Every structure is written in structure tokens, then in C-alpha cells.
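Residue 177 in the numbering used here sits at position 177 of the sequence shown; the count goes up by one each step and never skips.
For the record, the hints were derived by calculation from the structure and aren't laboratory data. These numbers come from a predicted model, not from an experiment. For every residue, glycine included, the Cβ atom is placed at its ideal position computed from N, Cα and C. Keep in mind that a hint or two might mislead.
Quick list of simulated restraints, FRET-style, between CB atoms [what the hints assert, rightly or not]:
hint, residue 1, residue 2, range
1, L419, K313, 18 to 28 Å
2, V219, A415, 37 to 47 Å
3, A369, W396, 20 to 30 Å
4, P338, A207, 33 to 43 Å
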Amino acid sequence: MGVLYHDQPVGWEVGALGVARDWDDDGRRPRGRTHRRAGNWRHVNSLKWSRAAVFLVFAVFGLCISTWAVHIPSVQERTGVSVGTLGSLLLLHGAGALIGMQACGPLINRWGSARIALVGAAAMAATLALPLNAPTPATLGGALLIFGGATGITDVGMNARAVAVEQQAGKPIMSAFHAIFSVGSVIGSLVGAATLAAAWGMPSTTAVMCGACLLLVAVTAPNLFGVRADPTTGVGAPPDGAPSEPLSKRRRLVLLGALAFVLLLAEGCAMDWSSLHAQERLGVSNSLGALVFGGFVTAMTVGRFTADIVSAKRGPAWVLRYGSLAAVVGLGIVVASPALPLTMAGWVIFGLGLSGSLPQVLTAAGNVAGATGTDFSRVVGCGYVALLAGPALIGWLSELVTLNLALLLPLVAVAAAALGARAVGGDESPAIAVEGKGESVRPR
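Produce the complete structure using the sequences and hints provided.
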């Protein structure tokens, strides 16, 4: 059942993930050319501002994550923890994210994805200061747990909102949202490299980055949070007495969750360990290590800006399959590389290959027939189980072998993603479900 948004013009109803549907005042479907034109104008105008607001939330997410990632070596040095202990502490970030994700699934059903995305982004921008300034291993662990909770809430909320906007648009645009996340990550990594090179203190860096992120959240609020859901109506909840979900739906969600797991394991390892890997294996400085991470996220950005076009022409399975194979090649280069330029090239290839893969999985999850906000949060949560386990496993493996050899784990993960590519929907151009229309729209 949809949620009526009181502050919208009469006749707008929002479906399971926040998708607008146009109705007459008396509840009937609209008829007549004039009504359709008015409805189309409102739809286009609403879509434009909703898309811009979601873009900003993705940018804030990228800024926060990359700011933390490039300062991991500095935090490790200040707290005096070993690589293995750091891996265990990063486990708490993943655990917090998983808790936040599972908690916000029912909240999306109740209050809608826009509210959850906004609250999560504000919390994430504020709690970024905690791990950056943690003085001891114990406080770092607690800070990462709190920051992780905000991360998980933001991730599910913004991706659920992105699926809703994509459904309204009727064409693949999910990769563009993730491209803006990558833009935020690039900016965060470059600012981080600059502050490290300039020997800024952590309090100054924290004030600048947290302040900038909170300002972006404030700018986002009028368009992302300009309407309120009826709190008495569940979003996407099945009607009373409805039969249990079909086995085919459960199987598809499990497969998509598994793909999210292996893809986010690979991406999380690159986010948390690429900078430290360059410093440990090649002996480069903190600022050059940050630029290695910047090369990875820059490649992710470029790839995501083009992935929607490729997906519309060749299909989501093609993007996932061949992107994952390219990522295997890139990470193989990183593991074998003896020099910084070749290592940088390997991370760039890895980023290009990985860039469009996860958006295909999230779009498929958001378009599974009968899926609710809780189902969607479970798929995304499976990915964050990888963030809970992946970086920690890399840390533990690096104490048994080396950090370089430990990176074979994400290489195997992306190879598995290539094998499971058909789960996202075949090799032809995808059909985007439009909530409330009872039909699918193929991109033209």
C-alpha cells in the first residue's frame, strides 16, 4: 500500500520505495489529455529536483567515506595499533553499518526513503569526527561502530531513494548516482592528500570536512525532505493475510545479495587498503598513498558516468560480467606490480571494471516484484556483511602472509561476480519497472 504525502499536490501517492503515482482527487486514474499534460509537468519537475537532492546525498556519502579512508594510516600511527588490530577495528565499522541497515529497512516501510536518507547523511557528517580524532584503540573502536551505524542508514536510504527516482525516469540512471558518490570520493581523497601534505592538524581537517558535509545536507533538505509521509501507513507492506513471498522471489533476492556481498567486499578492500598497500609494498609517502586511492576512485567515477549508457545498450548482465573480468585483470596487476606507476594503472583498471557492477545489482533488487524496503535493506546489508568481513580478513591474512598476497581475496570475489552476472537480468537492454503504471519501460 502506498503512502500519501500530505504536502504534495492532491493526487500524488508514493509507492514502496517512494515512487510518485498520479491519481484524480476522487481516487480514479487520470483521464484526458489536459490532465496527462499537467501530470507530466509535475512529474518532470518533481523528478528533476528529487534527482538533484539524491545526487547531493551520494556526494556527502563519498566525501565522508574517502575522508576517513585516506586518514586511516594517520589514525593507525596515532593510536599505535598493528595492521591486524586495525583490521579488527575496521570490523566494527562494518558491524555498525550492518546494524544500521537492518534497523532502517522497517523505517523505510514506515516513513519513506527520503527521510531516512536525510537523517543518515546528517548523522554520518557529524560522526565522521569521531574516528578521525580517536586517541586510543578503544575509543577508535567505539567511534567506528557509531560512524558505521550512520553509514549503513545513509547507504540504504539513499539507494532506496535512487531506485525510486530511476523508476520514475524509466531508464537506467543508478550508475550516475554512484558516479556522484565517486566524485565525492575523489574530492575527499584530493583534499585529504592536500591536508596531509600541508601537515594540517586533524582538528582543522575535521572542522573543514564535517562542516562542508553538514552544509551540503542542509542544502539537500528542502528537496529531499520537503514532504512528510503518513506515519500510520506502511510503505511496501503486504496486505493482511497475504501469502508468503514466492520461492522465486526469495531465490532472486538471495542471488542478488550474494552479488552485493562479493562486489562490496572487493570495493571495501580497495577503499580501506589501497593507500596502505602502496605505502607498505612500495614505500611511498602518506600523500602518494592517498593519490593511489584517488586514482582508484577517479576510475570508478569515469566508469559510472558511462555505465548507464552501456547498460541501456548491452544489458546489465553484460556490464556486470565484463566489468568484473576487467577488475580481475586490474587487481592482478596490482598484486604483481613492483613500481608505483604500474600499481596506479592496476587500481585504475580495477576501478573501471568494478564501477558499473554494483548499480546493476541494486537496480535489479529494487525492481524485484513485491520487494519491500526491508527486502532492499537485506540485499544492501549482504554487501555490508562483506564490509564487515572483507577488510578484517585482509588484515588477518596480511599477518599470515603479506598484505599484497591478501589482496588475492577480492580478486577471487570479483571473479565470482562475473560467473553470477545473469542474476541481474539477462544480456538484453533492461526493463525498468515504473511503480503504479503496471508496466515496464525499456530505455530508448
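Okay, the hints, checked on the actual structure:
no.	hint	in the structure
1	L419 with K313: 18 to 28 Å	holds, 23 Å
2	V219 with A415: 37 to 47 Å	holds, 41 Å
3	A369 with W396: 20 to 30 Å	violated, 40 Å
4	P338 with A207: 33 to 43 Å	holds, 40 Å
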